[in-house]
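Colleague: The residues making up each chain are set out below.
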Amino acid sequence: MKVESINFLSPIEDIDDIFDDNMDVSVNLENGLNYVVIVGTPKNLLRLMENEKSNFLSPGDPIVVVKKMTKEVVEEAIQAYADDDAHYLKFYAAELDIKTLNVLKDRYIARDKFLDDLLEKGESINIENYALIDFNIHNL
Amino acid sequence: MKKFSLIGILTFLILFVHFYRTFRKFRPSIIAAAVGITVYSSILTPASARTGEVDGFTPKTPLHRNNPKSDRSVFGPKSNSDGSGPGKPGDEPDDQPGNEIPNYPKTESVKKTEERVDSIKEHLGRMNELTDSDEEAYNEYKVYSKISSTLSKVSYKIRKDEQTSKSLDKLTEELKDGQFHSGRGAKKLAGTKTVYYMRAGNQGRLFFRYSEEEKGAIEIIGESNKPKEQEVIDNLKQNYK
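Protein sequence lines, in the order shown, are assigned to chains A and B.
Following this note's numbering, the numbering of the first sequence begins with 1 at its first residue and continues without gaps.
Following this note's numbering, the numbering of the second sequence begins with 1 at its first residue and continues without gaps.
Hint data in this document are derived by calculation from the structure and do not stem from the laboratory.
Below, simulated DSS-like cross-link-like pairs (lysine-lysine); rule was C-alpha separation at most 30 angstroms, straight line: (1) A:Lys-99 with B:Lys-166; (2) B:Lys-193 with B:Lys-215; (3) B:Lys-215 with B:Lys-188; (4) B:Lys-170 with A:Lys-99; (5) B:Lys-153 with A:Lys-90; (6) B:Lys-111 with A:Lys-53; (7) B:Lys-170 with B:Lys-188; (8) B:Lys-193 with B:Lys-157; (9) B:Lys-193 with A:Lys-68; (10) A:Lys-53 with B:Lys-170; (11) B:Lys-188 with A:Lys-43; (12) A:Lys-68 with A:Lys-2; (13) B:Lys-160 with B:Lys-170; (14) A:Lys-71 with B:Lys-193; (15) B:Lys-188 with A:Lys-68; (16) B:Lys-146 with B:Lys-188; (17) A:Lys-90 with A:Lys-68; (18) B:Lys-157 with B:Lys-170.
One-sided excerpt, in silico: chain A residues whose CB lies under 10 angstroms from chain B: (19) Asn-7; (20) Met-23; (21) Asn-34; (22) Val-36; (23) Gly-40; (24) Asn-51.
To list a few chain A residues with every Cβ distance to chain B over 10 angstroms, as calculated: (25) Gly-32; (26) Lys-67; (27) Ala-77; (28) Asp-83; (29) Asp-117.
Even glycine gets a Cβ: it sits at the ideal position worked out from N, Cα and C.
Excised from the complex, chain A in its bound form:
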């Protein structure tokens, strides 16, 4: 999907170490929607763990990892994440509460079962025209 604009939500010129930083980046797509993703460097992930005095990064939203925090590299990464209908840009920027996550899993189970039924009947498994969001997993 075409990227209309990319905005760095913190001044990129203020970055002291381009190999050790992260920032929020706002992306406007041609569909008129806005997505915010965090972009950061590998060294910065280590520093975040050091700040947290932890052996792992605390649970949180995914981070787009880049080699260095320069305008060119970040824009290149955002363009790549906007490919294929901006699948991964949407995924990295998604606000997924626990109910939504449960619904997504249930929808996948329902879809899989539906495909099994179609295969068993020897019918076409082109399911793009089927509405698979209106379902009850307990009736499967």
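Since the structure of chain A is provided, determine the placement of chain B on it from the hints.
Modeller: Coordinates of chain B only, in the frame set by chain A:
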């Protein structure tokens, strides 16, 4: 050393003359004198010099001590410094008063020390960045809400998500303690000079600025999640420079 050589030569000559008078033979007299001088010099030379451990001028009593543990120095056990610097006697549990041999901690490489110093500098740099040139750093801040009515509605809506609400509460507590690096770190808001924001690992974003009226006080001026972040930022940019 010169004096020692002269005595040796003289002793050799005396021995040679003595043996020559006794035996009346030249070669055996030289050999006997040489053996005699060798035995003589071995008796005079100190044992430590023969083994080659130290030179002949090292005093037997050391002039300095490597273990200053009884002194009231910064490295002594009575020092209140609890820093983790390298090479400090007293850091190791075995370094008890009365131990004759000090148990020094493992040494740290120069590179590692430099890295640690850089890391400290960096943290201080970030703290300075967040406290503006005019702002003093405090251990604790008085934090209060100064969210506009427009942004209060956004805050109310996004706090309907329990996780986001929890993360914003946590960020507020960390802001009070001046822990600007928690979560994904604090940043200055692009396009402003006075607005900063802290970011939780999940959706929570807490926008703040230093109070102009009260020193050591911070005003929370906005809360958002990621989907509402751009909207809140646009509003803040209109209202704060």
